[in-house]
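S.K.: Here is what each chain is made of, one letter per residue.
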Amino acid sequence: MTDISDRQQLNYIAAQAADARLNLELETEGMTLNIGPQHPATHGTLRIVAKLDGEQVIAADPVMGYMHRGYEKLTEVRTYPQVTTLINRIDWLGSFANEVPFILAAEQLMEVEAPPRAQWIRTILFEMSRIANVVLFLGDMAVQVGAVTPVFFAFRDREHILNQIEAATGGRFHPNFDRIGGLKDDLPAGWVAETKQVMKKMRGFCDEIETLVMGNEIFQTRTRGIGVIPADIGLQYGLSGANIRGSGVDWDVRRDNPNGLVYDQVDWKVWTHPDGDSFSRFWVRLQEVREATKIVDQLLDTIPAGPIMAKVPRIIKVPAGEAYVETENPLGVMGYYVISKGDLVPYRVKIRSASFNNMSITPWLLKGVYVPDIVTILGSLYFILGDIDR
Amino acid sequence: MSSTDTPTEETDAEETDATATDTGREAMLEQLTGELGDSLVGSHLEPGIDLTVRVAADAWADTAAFLKTGMGFAYFNFVSAIDWLPSPFGRDMDSQVDISLEGSEPKETEEMTWGLAGGETRFQVFARVNDIVNHRAVTIKADVPEDSLTVPSWVGVYAGANWHEREAWEMFGISFEGHPGLRHIYLPGEFEGNPMRKDFPLLARRVKPWPGIVDVEAMPGDDDEADADGEDAS
Chain A
44 MTDISDRQQL
54 NYIAAQAADA
64 RLNLELETEG
74 MTLNIGPQHP
84 ATHGTLRIVA
94 KLDGEQVIAA
104 DPVMGYMHRG
114 YEKLTEVRTY
124 PQVTTLINRI
134 DWLGSFANEV
144 PFILAAEQLM
154 EVEAPPRAQW
164 IRTILFEMSR
174 IANVVLFLGD
184 MAVQVGAVTP
194 VFFAFRDREH
204 ILNQIEAATG
214 GRFHPNFDRI
224 GGLKDDLPAG
234 WVAETKQVMK
244 KMRGFCDEIE
254 TLVMGNEIFQ
264 TRTRGIGVIP
274 ADIGLQYGLS
284 GANIRGSGVD
294 WDVRRDNPNG
304 LVYDQVDWKV
314 WTHPDGDSFS
324 RFWVRLQEVR
334 EATKIVDQLL
344 DTIPAGPIMA
354 KVPRIIKVPA
364 GEAYVETENP
374 LGVMGYYVIS
384 KGDLVPYRVK
394 IRSASFNNMS
404 ITPWLLKGVY
414 VPDIVTILGS
424 LYFILGDIDR
Chain B
32 MSSTDTPTEE
42 TDAEETDATA
52 TDTGREAMLE
62 QLTGELGDSL
72 VGSHLEPGID
82 LTVRVAADAW
92 ADTAAFLKTG
102 MGFAYFNFVS
112 AIDWLPSPFG
122 RDMDSQVDIS
132 LEGSEPKETE
142 EMTWGLAGGE
152 TRFQVFARVN
162 DIVNHRAVTI
172 KADVPEDSLT
182 VPSWVGVYAG
192 ANWHEREAWE
202 MFGISFEGHP
212 GLRHIYLPGE
222 FEGNPMRKDF
232 PLLARRVKPW
242 PGIVDVEAMP
252 GDDDEADADG
262 EDAS
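Residue numbers (the numbering used here), protein chains in the order written: chain A, 44 to 433; chain B, 32 to 265.
No lab work stands behind these hints, which were simulated from the structure alone. Certain hints may be false.
Covered, in the sense of this in silico footprint (three residues per stretch, anywhere, with C-beta under 8 Å from a C-beta of chain A), are these stretches of chain B [said to hold, decoys possible]:
1. 174-183
2. 186-193
In silico DSS-like cross-links for lysine-lysine, where the CA-CA straight-line distance does not exceed 25 Å [claimed, not checked]:
3. A:Lys360 - B:Lys229
4. A:Lys384 - B:Lys99
5. A:Lys116 - B:Lys229
6. A:Lys239 - A:Lys227
7. A:Lys239 - A:Lys337
8. A:Lys312 - A:Lys337
9. A:Lys337 - A:Lys244
10. A:Lys244 - A:Lys312
11. A:Lys243 - A:Lys337
Backbone N, C-alpha and C fix where the C-beta goes; we use that ideal spot for every residue, glycine too.
Next up, chain B with everything else stripped away, as it sits in the complex (with noise of 0.2 Å):
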């Protein structure tokens, strides 16, 4: 990866006191750059909180590999998914304490911003692993390739990844190369969609806009255009 987020970690702008040092943390993010050297494209250390590290999507089930046998990170976690777009259905998905708190008119559509440890692509998978020996813990992201919408299954490393993952596809529509059997696992099998996906909208919402600070049914007749969209959701 020849971004310009190199493997070092982003000390953040509010150093606050001494707990600004973390060895422990600090030896884990250094061993883990030693062993995946360029596939690390970043991390993020919280002193004495957590350490978060994206790797690239190749290396995704290698690190998981080297966690598991070369740094005694035994314990599985979880796996899951992000999707980092910007809601296109705007401030009306948001609560309507929103609403009275900024007003109602439409929002420009934001950039997409990412989180710990960075990010480049709108789907990134990430998770957790735990060495239950030490009491250590580290998460661990990945951007999934915009593309192909795949990354390597933990399923080999880790038996555990087997729900979890089928979880993300049927949540995200990210696949895993590698899995035994991706399938709907919480949903129907006539399904369609990702429900996840942050432009799939939730229609309860779309509807009948949550109530929020003051419960107001509309009365028949000033609302309808909601009543189109219900039409329309049906």
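Chain A on its own, in the form it takes in the complex (with noise of 0.2 Å):
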């Protein structure tokens, strides 16, 4: 792995002994570029700071916090059932999932555990909440290239999604729907029905989206070859989701550490690609879309009956201790490390969310890469500006 990075480099030093006889020549110096916080093509308010030689990147650094909300500080004032109406808002693409470890580590503390129907429901929904975070990738990935159509492709699939998470949870973006020992409600009549077709259209979608753009060759040559991560370097910089697993390491918190949801249940498939550069980061989250549906579509055959709440007390006092559950949410993997006192507030709750590890990596990634590529890469890392800020 470690020669991918080699080369990056060598290719970088070369291109700068070039640049260094020309600028010898013309006498240019370098320049500051500053991309956002405003610009188009960087997901939200995230400003990058690029010291540019020609068209290369010396050193590029990411200035956050113009959408920081103190959520770990939000979250010692308010009682555990109120949590999840903020943390909905981390990643708010796929706000279902966030729910959940937090959810799933309150239960851990309380010993409790959801009822069967309850944990299936909860799978399922965490399912469909990445299928509508990770379409709309799919469809900005080709954006990010040049390419508007598939977007528009994206946009209009997803509502199919996000329409039957509004039947199952009353909320299109923010379901606010897991609760202590259960689910809020249980799944409308003829829900699993609608699911099935809504199911059997992301995999067409995923069709489309794979002839569409995959093969295309200005798609593949602006993103084959291009912000490599070896697979030590992803480790230690604790990148999660597929832009690890676009890096080679089989690694998935699903299939290693399900606690508390069912994936165990069903037949699927962890992908991996080995190549680390932004196509593969596109190829494995179009693969982990196929399997999403696949997965949705077992669960909803064997969805077992009974009630959707276990029994909690009305006021919730989660008894002192820490607990800290992680999931493989759609950005990567989220965790909660939450520390009560047995009060009804938390004392202290570290939210590990997925794209703030995942972006920590730009400072190195960006080093020596050409300025359009910037916009390519950083769409593949994936991120949502919730989730670094917080």
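Two chains, each in its own frame: build the complex with the hints.
M.R.: Shown next, in the form of structure tokens:
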């Protein structure tokens, strides 16, 4: 793996030497390029200060905090059921998935287990929020290389998923559906059959994107071999989700530590790609959407009957203790380290969000790339600003 | 560390069922104890769930290095900090649900208590690393010395600790020795204070209490005190 990074470095040194000769003749000097915070290619209010040498980036420094809401502080003055409302807004494209690890951590402290039906529905909605989230990435990635059409397909087909989430939970974007010990409500009548239809549509969307985008020559030249992350570097920076699986690391929390979700009940596969470049991250995410539709389909077939809430007290007091639960969210591993002192409110909640770690590699990754590639690399890392700034 | 906290696992009162033995995590703890010796000042093993160890502050970075190279914990998860000081703002920092249940009288200042694996100082840094091959993970804690508020940086071991330590520095005011550049990550450069400390007031909550169960707007005139607070705060 290390030879890839060496190659990147050698390329950079060679290019720099060539530029240095040119600079000597033309007397040019480095410049600073400010990308964002309101640049259309930056997925929110992220600002990147890039020092350039010609067309190449010498140093890139992401500046965050334009959307910092201080959720870790706010959780300290909210009761446990109120916290889910807040944390819904961390990764706003896959909101339901944000609630689950926190609820699981609280359940672990309270030694409560949700009944099987609730676990099934949780897993189904979890995967559906993954589809809703990643589908947008698939369309958006094409925009980064200049193709506008796929993003409209993505918005069109994501709507089917959002409709189903809304039908079940009442909220399109922020369901706030998870409760300690189970779920707020049962599924509405006819939902299972409708969702199956939607899953079929989503598989069609994946095929559409595959034929439309992946074979495209421009897309390939803009993403293949660009933004290569060797596996050992990715692990050091704590990358997760498709970003680390795109570097050939076979690790998925869903399979390896499903705690509380029922991924061990279904037949599915973790996809990896050995290349570690922008293309491989795109490819892995596309496969993940396909797998997610299969998971949802199987779970819909086997969903057990029974209650959706375990017996929990009306006023929830979580016993003193500490629990860390992480799940494989659409953007990567998300975990909550909940410290309770036996109160109605958590004493401290450390939110380990996926995008924060995923973005922390950018100063390393953007070194030596060309300016147009910044956009595709950032696109392929796929972050949500709320997930970085929290 | 010459405390009474010996490097043995604290067996919890509720040893429930057959999961009470956890050979994998016990082996991990044994290996860490063997390597760190006296630097490992406390541990807590929750069978089948998690392992937490507490190390001396000066062994903070060495522990990371050993975990990474000696035990295969190649995956860096996070670094953060905890402030164990009971909030001096008492109950009105809490939800109004609390007040309606337990009365709004000011409570006695509580004693400082610590979580898993114990503690001795107000601030603790804690971190988590994973072994993605064998699907193991461990939480590491360290007491931050009260006088210097400094612990060794992890950046040399796990490059990804950079941003996490900047965040902990900004939010808790803990310095990391050997960090390449501790500067603000979220807050504007001229921001004063460390917001995640327990004695940093959440102004929004001071000015206007969270409505909680009953959402009642105070009428003008009957909350002079709240108004005065608001002016003080601004």
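S.K.: Going straight from one Cα to the other, do Lys116 of chain A and Lys229 of chain B come out at no more than 25 Å?
M.R.: holds, 9 Å
S.K.: Examine the region 186-193 of chain B: at least three residues should have C-beta closer than 8 Å to a C-beta of chain A.
M.R.: Answer holds; 4 residues pass the 8 Å Cβ test.
S.K.: What's the verdict on Lys360 of chain A and Lys229 of chain B, does the C-alpha distance respect the 25 Å limit or exceed it?
M.R.: Satisfied, since the Cα-Cα distance of roughly 21 Å is no more than 25 Å.
S.K.: Taken at face value, is the distance from the CA of Lys337 of chain A to the CA of Lys243 of chain A at most 25 Å?
M.R.: Given pair Lys243 of chain A, Lys337 of chain A holds - Cα atoms ~9 Å apart, limit 25 Å.
S.K.: Does the alpha-carbon distance linking Lys239 of chain A and Lys227 of chain A stay inside the 25 Å limit?
M.R.: Given pair Lys239 of chain A, Lys227 of chain A holds - Cα atoms ~22 Å apart, limit 25 Å.
S.K.: Would you check chain A against the region 174-183 of chain B, counting CB to CB pairs closer than 8 Å, and say if three or more residues qualify?
M.R.: violated (count 0)
S.K.: Is Lys244 of chain A within 25 Å of Lys312 of chain A, Cα to Cα?
M.R.: It holds: about 20 Å lies between the C-alpha atoms, which stays within 25 Å.
S.K.: Decide if the proposed pair is consistent with the structure: Lys337 of chain A and Lys244 of chain A, CA atoms, cutoff 25 Å inclusive.
M.R.: Given pair Lys337 of chain A, Lys244 of chain A holds - Cα atoms ~12 Å apart, limit 25 Å.
S.K.: With a cut-off of 25 Å on the C-alpha distance, tell me whether Lys239 of chain A and Lys337 of chain A pass.
M.R.: Holds, at about 10 Å.
S.K.: Taking 25 Å as the top limit, are the C-alpha atoms of Lys384 of chain A and Lys99 of chain B close enough?
M.R.: This hinted pair is violated, its Cα atoms lying about 32 Å apart.
S.K.: For a C-alpha distance cap of 25 Å, please report whether Lys312 of chain A and Lys337 of chain A respect it.
M.R.: holds, 10 Å
Of the hints listed earlier, those the structure fails to meet are numbers 1, 4, in rising order.
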